[in-house]
Amino acid sequence: MQTWNYIEYIAWGLSALLGLYLVVDWLRTDTTYSEDVLTSSREGELEAITEEHKG
Amino acid sequence: MADFDITSDKMDGMGPHGTKVGLLRVLGPAHVWALGVGIVLVGEYMGWNFAVGKGGAYAALIACWFAGILYTCVAMIDSEVTSTVAAAGGQYTQAKHIVGPLMAFNVGLYLTFAYTMLEAANAITAGYLISVVATMTGYDGVLDQRPFIILAILFLAWLNYRGVLATLTFNLVITAIAFAAIIIIFLSTSGVLGNGIVHHAELMAGQAALPYGWIGVLAALHFGLWYYLGIEGTTQAAEEVRSPARALPFGTLAGIMTLLIAATLTWYTCTGVLPWEYLGDGVNGSVAPLFDTARLSGSEALIWLLGIGTLFATLASANGCINDASRAWFAMGRDKYLPGWFGAVHPKYRTPYRSIIFLVPMALIFALGAPLDQVITFSILSGLLEYTFMPLNIIMFRKKWPMGTIKRGYEHPFHPIPAIALLALCSVTFFAVFLGYGTQLVAMIGFYILVSLWFHFWRYRFVNRGAQFTMPWPKPEGY
Numbered sequence: 003m004q005t006w007n008y009i010e011y012i013a014w015g016l017s018a019l020l021g022l023y024l025v026v027d028w029l030r031t032d033t034t035y036s037e038d039v040l041t042s043s044r045e046g047e048l049e050a051i052t053e054e055h056k057g
Numbered sequence: 003m004a005d006f007d008i009t010s011d012k013m014d015g016m017g018p019h020g021t022k023v024g025l026l027r028v029l030g031p032a033h034v035w036a037l038g039v040g041i042v043l044v045g046e047y048m049g050w051n052f053a054v055g056k057g058g059a060y061a062a063l064i065a066c067w068f069a070g071i072l073y074t075c076v077a078m079i080d081s082e083v084t085s086t087v088a089a090a091g092g093q094y095t096q097a098k099h100i101v102g103p104l105m106a107f108n109v110g111l112y113l114t115f116a117y118t119m120l121e122a123a124n125a126i127t128a129g130y131l132i133s134v135v136a137t138m139t140g141y142d143g144v145l146d147q148r149p150f151i152i153l154a155i156l157f158l159a160w161l162n163y164r165g166v167l168a169t170l171t172f173n174l175v176i177t178a179i180a181f182a183a184i185i186i187i188f189l190s191t192s193g194v195l196g197n198g199i200v201h202h203a204e205l206m207a208g209q210a211a212l213p214y215g216w217i218g219v220l221a222a223l224h225f226g227l228w229y230y231l232g233i234e235g236t237t238q239a240a241e242e243v244r245s246p247a248r249a250l251p252f253g254t255l256a257g258i259m260t261l262l263i264a265a266t267l268t269w270y271t272c273t274g275v276l277p278w279e280y281l282g283d284g285v286n287g288s289v290a291p292l293f294d295t296a297r298l299s300g301s302e303a304l305i306w307l308l309g310i311g312t313l314f315a316t317l318a319s320a321n322g323c324i325n326d327a328s329r330a331w332f333a334m335g336r337d338k339y340l341p342g343w344f345g346a347v348h349p350k351y352r353t354p355y356r357s358i359i360f361l362v363p364m365a366l367i368f369a370l371g372a373p374l375d376q377v378i379t380f381s382i383l384s385g386l387l388e389y390t391f392m393p394l395n396i397i398m399f400r401k402k403w404p405m406g407t408i409k410r411g412y413e414h415p416f417h418p419i420p421a422i423a424l425l426a427l428c429s430v431t432f433f434a435v436f437l438g439y440g441t442q443l444v445a446m447i448g449f450y451i452l453v454s455l456w457f458h459f460w461r462y463r464f465v466n467r468g469a470q471f472t473m474p475w476p477k478p479e480g481y
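As given, the protein sequences belong to chains A and B, one line each in that order.
My numbering applies: residue 3 is where the first sequence begins, and numbers increase by one.
My numbering applies: residue 3 is where the second sequence begins, and numbers increase by one.
There could be a bad hint or two in this list.
[To be verified] Here are some chain B residues the structure puts well away from chain A; computed CB gaps all over 10 Å:
{"hint": "1", "residue": "Thr95"}
{"hint": "2", "residue": "Phe150"}
{"hint": "3", "residue": "Leu167"}
{"hint": "4", "residue": "Gly196"}
{"hint": "5", "residue": "Gly468"}
[Stated by the list, open to error] Facing chain A, according to a computed beta carbon distance under 7 Å, are these residues of chain B, among others:
{"hint": "6", "residue": "Lys22"}
{"hint": "7", "residue": "Ala89"}
{"hint": "8", "residue": "Ala136"}
{"hint": "9", "residue": "Leu153"}
{"hint": "10", "residue": "Trp160"}
{"hint": "11", "residue": "Ala346"}
{"hint": "12", "residue": "Val347"}
{"hint": "13", "residue": "Gly371"}
{"hint": "14", "residue": "Ala372"}
{"hint": "15", "residue": "Asp375"}
{"hint": "16", "residue": "Ile447"}
{"hint": "17", "residue": "Tyr450"}
Quick caveat, the hints were computed from the structure, so don't treat them as lab data.
In this text, all values refer to a predicted model and were calculated from it rather than measured experimentally.
Positions of the beta carbon are idealized from the N, C-alpha and C atoms, including for glycine.
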């Protein structure tokens, strides 16, 4: 077993962790917030909370 | 003149109308530069040299400058339209506002495919580069590249998922290092610093000048695209820059200038050191020409610098591609050109998280299941279709909203010459592509015709027909 074999295993492990993080956070976000909030973004509009520009 | 001004931060016509969670406006011109140059710079490190194989070193230089003109037109046209249509989706959103829904649907798909396939190609390259490092450090087995390909895609997807500012700041740093490496190897090998090792006169004399004559120059043309392919990706940042009217033209035009310099220096350095037969064979000869040039220089520091530069350029490109493909997909979802589910924004990280996650398996399928040359070819063809749309788009834009009717962030000069030049150059490149990849070209056009029929006869009924036109512009001329 050489160093590069260990590096291969580390890469597999990190990939699995990152993939798991993405899926868990995605599911958590989808179950925490309503679909109305998540898909409320409108093209060209600034977020009401951060910007107060007038059209 | 309309009662808004895109160049103003007080009356830019983009006030809040119900967005509870939207993309964040946190980027500056440097991030726009990093997005555009980051996607492209890998083309300087590898890929462009196939042009040398097709027609010799001079043909590659002609291709480099020919494509440079093409992309300067692209950058100018994009700067004008995007600094005025300042929304995520880039050319998709431009097409939606200026041409029509069917064009927009197609352009959205061109963008997503071009960037996702380019991301896959970059991940394959990153895996290959790591296997080269393993061999160079004494590993005598056959390294499994798959975990590194998957890790590259997942790490960059994770970064994109967590926020656009960190993603493009990361791109800014690694792109700047990769660009600096090109400058340093040019200075080191050309004789500006120390003794030069370039021998253009010997390497490009006699038959080596134009080994296949002018037909070789024509065949080399489409590989010239490699030097700049992706600079138009700056437009995808439109909804996340603090000042679209300033940052987008500034970042995009600085980007194309950077690439013109990088492309010319790369050509000069590599063709002065590597024989054209070796340089032009990107499969069995010089896979990474700048890195090979560094190896021939004999300098350990240059070898490491260009090795790191190659890897960084690859990662920066994949990173920018994830950013751009997800914005195009997100924008299409938001308008219901695709299921509205894709139009969601993460409430904490303010990124199009569902689009980012959805495109990860797509990229993995291409990266692990398709040959590199086919992936690259389909990416280039999608890009070329997109460039063909741009001149038509700007001509219609200027016709429907002539100068003075709306305020633009940037007004490109000499209209319609850049549009006509771009259209002519695209036609020549299509012919060159047809010579080398006719089957793929026909297959790709067939695919887009089929999905267009699906969109026209089925999907269009779900589109937000009224709500999708958001720009506070006056009625177009003639309507």
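Hint check results:
1. Thr95: violated (7 Å)
2. Phe150: Violated, since 5 Å does not exceed 10 Å.
3. Leu167: holds (13 Å)
4. Gly196: holds (35 Å)
5. Gly468: holds (13 Å)
6. Lys22: OK, holds: Lys22 of chain B within 7 Å of chain A, min 4 Å.
7. Ala89: holds (4 Å)
8. Ala136: With a minimum Cβ separation of about 5 Å from chain A (threshold 7 Å), the hint on Ala136 of chain B holds.
9. Leu153: holds (5 Å)
10. Trp160: holds (5 Å)
11. Ala346: Holds. Min distance 4 Å.
12. Val347: holds (5 Å)
13. Gly371: With a minimum Cβ separation of about 17 Å from chain A (threshold 7 Å), the hint on Gly371 of chain B is violated.
14. Ala372: violated (19 Å)
15. Asp375: violated (25 Å)
16. Ile447: violated (29 Å)
17. Tyr450: Status violated, d = 24 Å.
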